[in-house]
Amino acid sequence: MYALTIPFWAAASWRLNRTLKARQAPYLALGAAFSFVIMMFNIPILGGTTGHATGATLIAILLGPWAAVISVSVALIIQALLFGDGGITSIGANCFNMAIAGVFTGYGVYRLIAAYSDVKSKRRLIACAVAAYVSLNVSAVITAVQFGLQPLLERSAAGQPLYAPFPLSVAIPAMALEHLFLFGFVEAAVTTLVIRYFQRNDPAMLA
Amino acid sequence: MTFMKKLWIGIGVLVLLTPLGVIIPALFRAEGAWGEWGIDRIEKIVGFVPEGMKRLAGSWKAPLPDYALPGHSTGLAAESVEYVATGIIGVAITAAVMYLLAKILARKNETK
Chain D
1 MYALTIPFWA
11 AASWRLNRTL
21 KARQAPYLAL
31 GAAFSFVIMM
41 FNIPILGGTT
51 GHATGATLIA
61 ILLGPWAAVI
71 SVSVALIIQA
81 LLFGDGGITS
91 IGANCFNMAI
101 AGVFTGYGVY
111 RLIAAYSDVK
121 SKRRLIACAV
131 AAYVSLNVSA
141 VITAVQFGLQ
151 PLLERSAAGQ
161 PLYAPFPLSV
171 AIPAMALEHL
181 FLFGFVEAAV
191 TTLVIRYFQR
201 NDPAMLA
Chain A
1 MTFMKKLWIG
11 IGVLVLLTPL
21 GVIIPALFRA
31 EGAWGEWGID
41 RIEKIVGFVP
51 EGMKRLAGSW
61 KAPLPDYALP
71 GHSTGLAAES
81 VEYVATGIIG
91 VAITAAVMYL
101 LAKILARKNE
111 TK
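So the sequence lines, in the order shown, correspond to chains D and A. When we follow this note's numbering, the leftmost residue of the first sequence carries the number 1, and every step to the right adds one. When we follow this note's numbering, the leftmost residue of the second sequence carries the number 1, and every step to the right adds one.
In isolation and in its complexed conformation, chain D is listed as follows:
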């Protein structure tokens, strides 16, 4: 997945290099920190597993998608390197699923629905809720597909899966259902609440 992820990182760095001002650095730091913290909230679901939101859409709305790509990636990488949370070899895939696919899906849907509405309008809130919901589910399904393809792609000589053992027929429902029915809403709620806070306290950031 690094083949897909690295170009995005490069593009994001290049874009930020052209447009970012030093005084915006604290906001990116805040965004990355927020993403990190929000991923520490494991929410249990039926079937005995847990899941988490990512904050990808929120950061994309507030700081723009390219900054969000870097912010969420930083959070994911530190999680993996420092805490062993998420795997080292899968950093490329994780970043693509959440920091790239999640960010751009969320940003795209948000802009689509928000269009030219007023920064403080309810339409913006609806836009960010829907965007966050869709974005997290997209991330989840892409992740499920990557898991589900493993048994097809990587098998030992004896036919045993080398890595993730569950096929698409298990992976996709497992991931999709829990994100469609629970975690998507959590992401939407968190995103909307924070955006509403910004609407009331610092609407300039939403422009």
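Calculated directly from the structure, the hints in this document are not laboratory data. These numbers come from a predicted model, not from an experiment. Keep in mind that a hint or two might mislead.
[To be verified] Straight-line alpha carbon distances no greater than 27 Å define the calculated DSS-like cross-link-like pairs of lysine-lysine that follow:
id	chain 1	residue 1	chain 2	residue 2
1	A	Lys5	A	Lys103
2	D	Lys21	A	Lys5
3	A	Lys103	D	Lys21
4	A	Lys103	A	Lys6
5	D	Lys120	D	Lys21
6	A	Lys6	D	Lys120
7	A	Lys5	D	Lys120
8	D	Lys122	A	Lys6
9	D	Lys21	A	Lys6
Got chain D sorted already, so can you dock chain A onto it with the hints?
Frame of chain D; chain A shown alone:
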């Protein structure tokens, strides 16, 4: 209090609330996220350890695995305290790294 300060306080509050991310799953006896399995867990689920996973499993030793601090600790209370502590460490490092990265990327735009 500046807006910025309020935001950081918000993050601080979230960090203090993170034990919920440990306590709630414990109450429901839930395991980790789907797919984030270590080799002992996967063995319990499917009855074998996939070869590739076994090979890669030891390739990286994280300094603070699973958000726990070094040393022995048992019980939900201790885990919660450690979770907050590692949460603070994680937030601090993430924020610092991102801040530095942002400053480096913004270097040439100083005059704008």
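Hint check:
no.	hint	in the structure
1	A/Lys5 / A/Lys103	19 Å, holds
2	D/Lys21 / A/Lys5	19 Å, holds
3	A/Lys103 / D/Lys21	8 Å, holds
4	A/Lys103 / A/Lys6	22 Å, holds
5	D/Lys120 / D/Lys21	25 Å, holds
6	A/Lys6 / D/Lys120	20 Å, holds
7	A/Lys5 / D/Lys120	22 Å, holds
8	D/Lys122 / A/Lys6	24 Å, holds
9	D/Lys21 / A/Lys6	21 Å, holds
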